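Asker: Sequence:
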Amino acid sequence: MLADVVEYLVCPVCGADLAMADRGLLCPAGHTFDIARQGYANLLPGNARPGTADTPDMVRARDAFLSAGHFAAPAERLARSVARTLDGKTFVVDAGAGTGHYLSCVLDRATEAVGLALDISKHAARRAARAHPRAGAVVADLWRPLPLRDGAARTVLNVFAPRNAAEFHRVLHEDGLLFTVTPSAEHLGPLVEPLGLISVDERKNERTDAALAGYFKLDSRQNIEAEAVLTHEEVATLVAMGPSAHHVPAQQLWERLERLPNPLPVPLSFVLSVFRRLE
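Heads up, the sequence shown is in the numbering used here, so the first residue is 1 and it goes up one at a time.
Since the hints were made in silico from the structure, they are not lab data.
Only a predicted model underlies this, so the values are computations on that prediction, with no experimental measurement involved.
The beta carbon of each residue, even a glycine, is placed where N, CA and C say it ideally should be.
There may be inaccurate statements among the hints.
Unchecked claim - Straight-line distance between alpha carbons at most 25 Å, and here's what the computed SDA-like set of lysine to any residue pairs gives:
(1) Lys217 to Ala185
(2) Lys217 to Val200
(3) Lys122 to Gly24
(4) Lys89 to Gly69
Said to hold, decoys possible - Label-pair restraints from in silico Cβ distances:
(5) Asn42 to Ile198: 27 to 33 Å
(6) Cys14 to Pro263: 49 to 55 Å
(7) Glu206 to Asp34: 38 to 44 Å
(8) Pro133 to Pro56: 21 to 27 Å
(9) Ile198 to Asp22: 43 to 49 Å
(10) Ala19 to Pro249: 43 to 49 Å
(11) Leu260 to Glu174: 30 to 36 Å
(12) Asp175 to Asp209: 34 to 40 Å
(13) Thr111 to His247: 36 to 42 Å
(14) Arg80 to Thr32: 21 to 27 Å
(15) Asp22 to Ser199: 35 to 41 Å
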């Protein structure tokens, strides 16, 4: 709930601390932000634009696919890795949280931690607000100053989402860690060409490291390999939840799927990286 994490939030307009007030958040300067009935708050500044926020269809597809456990391997590995680094009451931020699935998995293992899901999509925030009883959700743009106090977070999660190195560095405690999960070049391999999906750059790890350079140093990195046997319907849901949904029209996707076995084995390949904050 937002009440559990409000002590870490700041006003996106003036940077002052926020506090609960009736059904909203209030700063000393009088800026107010409503809390939606679903439990999330919109902390986008008034001049912000929604940009490439996930659509309701993408959020529904992601919720269905993740809830079915198809990405259990990265979720469980991430949760175990984060929980080993936490002790006592701590604050975990999931930057680009989507439905809050990965944050929820972390909080299940880190039983004294509280968490905040940040996402630019209000449709994602609606689901993230209900993802875990110790999690709150806020609509925020990762490319803008995050509505968080300096050094507030012990951990920042970043799973298949944009990385704002400067802001992650600012909001992390001096001993804080950044955990990223990215797909590897082998992810969904045999589906990419037949279905016309967006491929993963073979140098993605290098690009991730370069984007974080100057703010973070790589602490550890591990590959996570798994396989899922998916029906055509499940493959269509997988495509619908990610960036390829913008590039492959549904009718074309089904025409291409009909040429493939049903069900079919699909390789899942991820990279879990841990970065330590630089001074």
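Asker: Are any of the numbered hints broken by this structure? If so, which, sorted upward?
Answerer: 4, 11, 12, 14, 15
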